[in-house]
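With the hints as your guide, set chain B onto chain A.
Protein chains in written order, with full-length UniProt numbering: chain A, 1 to 112; chain B, 1 to 327.
In short, the hints are calculated from the structure, not lab data.
One or more hints might be untrue.
[To be verified] Pairs of lysine to aspartate or glutamate residues, derived as DMTMM-like cross-links and limited to a Cα-Cα distance of at most 25 Å, are as follows:
(1) A:K96 <-> A:E32
(2) B:K255 <-> B:E158
(3) A:K98 <-> A:D6
(4) B:K247 <-> B:E177
(5) B:K198 <-> A:E32
(6) B:K255 <-> B:D154
(7) A:K67 <-> A:D6
(8) A:K67 <-> B:D154
(9) B:K275 <-> B:E81
(10) A:K67 <-> B:E177
(11) A:K96 <-> B:E81
(12) A:K98 <-> A:D44
Just so we're clear, the structure is a prediction, and the values are computed from it rather than from any experiment.
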Amino acid sequence: MTFIIDALSWVCLMMGCFLGISGAVGIFKFDEFYSRVHAASVTDTLCVFFIMAGLVLQSGFTLVSVKLIFAVVLLWLTSPVASHALIRSAYHTGLKPKLKTSRKESAKRGQS
Amino acid sequence: MSSINLLIDIVLLTMLVFTTIAIVRSRSLFAIVMLSGIYSLLSANIFIILDAVDVAFTEAAVGAGISTVLMLATIGITGYEQKKRRTISWIAPMVVVVITGAVLVYGTLDMPAFTDPSAPIHQHVAPRYINDSPTEVGIPNMVTSVLASYRGYDTMGEVIVVFAAMIGVFSLIGIREKKSEPIHAEPPARPILQVMAKFMIPFIILFALYVQFHGDFGPGGGFQAGVIFSVAIILYTLTFSQQDAMKLVPPWVLKRLASIGVLIYGGTGVVSMLKGGNFLDYSVLAHDPIHGQHYGILIIEFGVGLTVACAMMLIFFAFISRGDKNP
Chain A
1 MTFIIDALSW VCLMMGCFLG ISGAVGIFKF DEFYSRVHAA SVTDTLCVFF
51 IMAGLVLQSG FTLVSVKLIF AVVLLWLTSP VASHALIRSA YHTGLKPKLK
101 TSRKESAKRG QS
Chain B
1 MSSINLLIDI VLLTMLVFTT IAIVRSRSLF AIVMLSGIYS LLSANIFIIL
51 DAVDVAFTEA AVGAGISTVL MLATIGITGY EQKKRRTISW IAPMVVVVIT
101 GAVLVYGTLD MPAFTDPSAP IHQHVAPRYI NDSPTEVGIP NMVTSVLASY
151 RGYDTMGEVI VVFAAMIGVF SLIGIREKKS EPIHAEPPAR PILQVMAKFM
201 IPFIILFALY VQFHGDFGPG GGFQAGVIFS VAIILYTLTF SQQDAMKLVP
251 PWVLKRLASI GVLIYGGTGV VSMLKGGNFL DYSVLAHDPI HGQHYGILII
301 EFGVGLTVAC AMMLIFFAFI SRGDKNP
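Isolated chain A, as found in the complex:
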């Protein structure tokens, strides 16, 4: 039983690490602000979840687990909103997203 829980928690931790690192790679690799924020924000919610789940499995049924779960809930509520606020203020200050096809062209393509 302990082996199964250990294995599960390690799988969770590894997944979390993978997502965190892929988010970091995304921040450096993507060439434009919005896709960078996308890379960071999409990964950080699930990455946090996996790492916290791994830690909860490690610590078992204790007060620490409860605190960790609270932390996950808090981060799930706040970090998407923080990304939203970041993108929103960037868009309102006039930073245009770099699109492969401009908006007019895609609208035309949709009509035809």
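Chain B in isolation, oriented as in the chain A frame:
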């Protein structure tokens, strides 16, 4: 275990150095403010590694939290870019820096080595606090008993510094009151942010109160609680509008409350003098010295929290009422 600690230390210190270099080399004030927030967060992590949880908490709340917000409000007035300077010869600054650094290093030569067990602080000050504070003050968090009881003068000085900073900001710029009523657009201007802020603010205030009154038992105290409390109001100001926030907590109330906080702190000292003790000697406040210490610490922490919260909110209002460049 210690090798892992060493590794974490090295990583954190390296990141600190890189952040500092980035701060020095950057020209964008916005980036500099963000980097200094990161710097504070990194040093908070280092304090946690050193087992100084109270200091880490303060650093995270004050350094990374409120001072970043206040700086952002400031560059909202001044603009985001550093002005171009005339390029000057680097020789004279270099000489000054080298001499100052050499003097500082020379000054540390007399100090006992880091973690030297025979250093004076480990000989009589620290053992006295560690051995006697459970019986003299009797609260579990020794940091709070040192901060609020043994070193009550210093903490009072810190509170007065915060209060003086507020007075300074007010005598320099003051708050520009806007007479217009808050506009409540339908649908709201920032729906997601406003809903989330409304959801979060009660929890932030609850957490602030917990930190305030749990400071005797765990990490926390008036400074952190005041900052967290003011962050709730600042969040409200940012997501709704300044008029809304000023209607909620009018500046004239805040000004009086900030002074009342300092008065509570000083008044506790005066009361303990009137009861026959020294200034800020809480043992005489109740029949039992330990109860007196408890009361004293609770009361002065409340004063600290009140002053810090009100001063932070007022400084933020003063800055943000000047510049509306931020969207």
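Hints, verified against the model:
| no. | hint | in the structure |
| --- | --- | --- |
| 1 | A:K96 <-> A:E32 | 10 Å, holds |
| 2 | B:K255 <-> B:E158 | 18 Å, holds |
| 3 | A:K98 <-> A:D6 | 45 Å, violated |
| 4 | B:K247 <-> B:E177 | 11 Å, holds |
| 5 | B:K198 <-> A:E32 | 32 Å, violated |
| 6 | B:K255 <-> B:D154 | 23 Å, holds |
| 7 | A:K67 <-> A:D6 | 20 Å, holds |
| 8 | A:K67 <-> B:D154 | 34 Å, violated |
| 9 | B:K275 <-> B:E81 | 57 Å, violated |
| 10 | A:K67 <-> B:E177 | 42 Å, violated |
| 11 | A:K96 <-> B:E81 | 21 Å, holds |
| 12 | A:K98 <-> A:D44 | 23 Å, holds |
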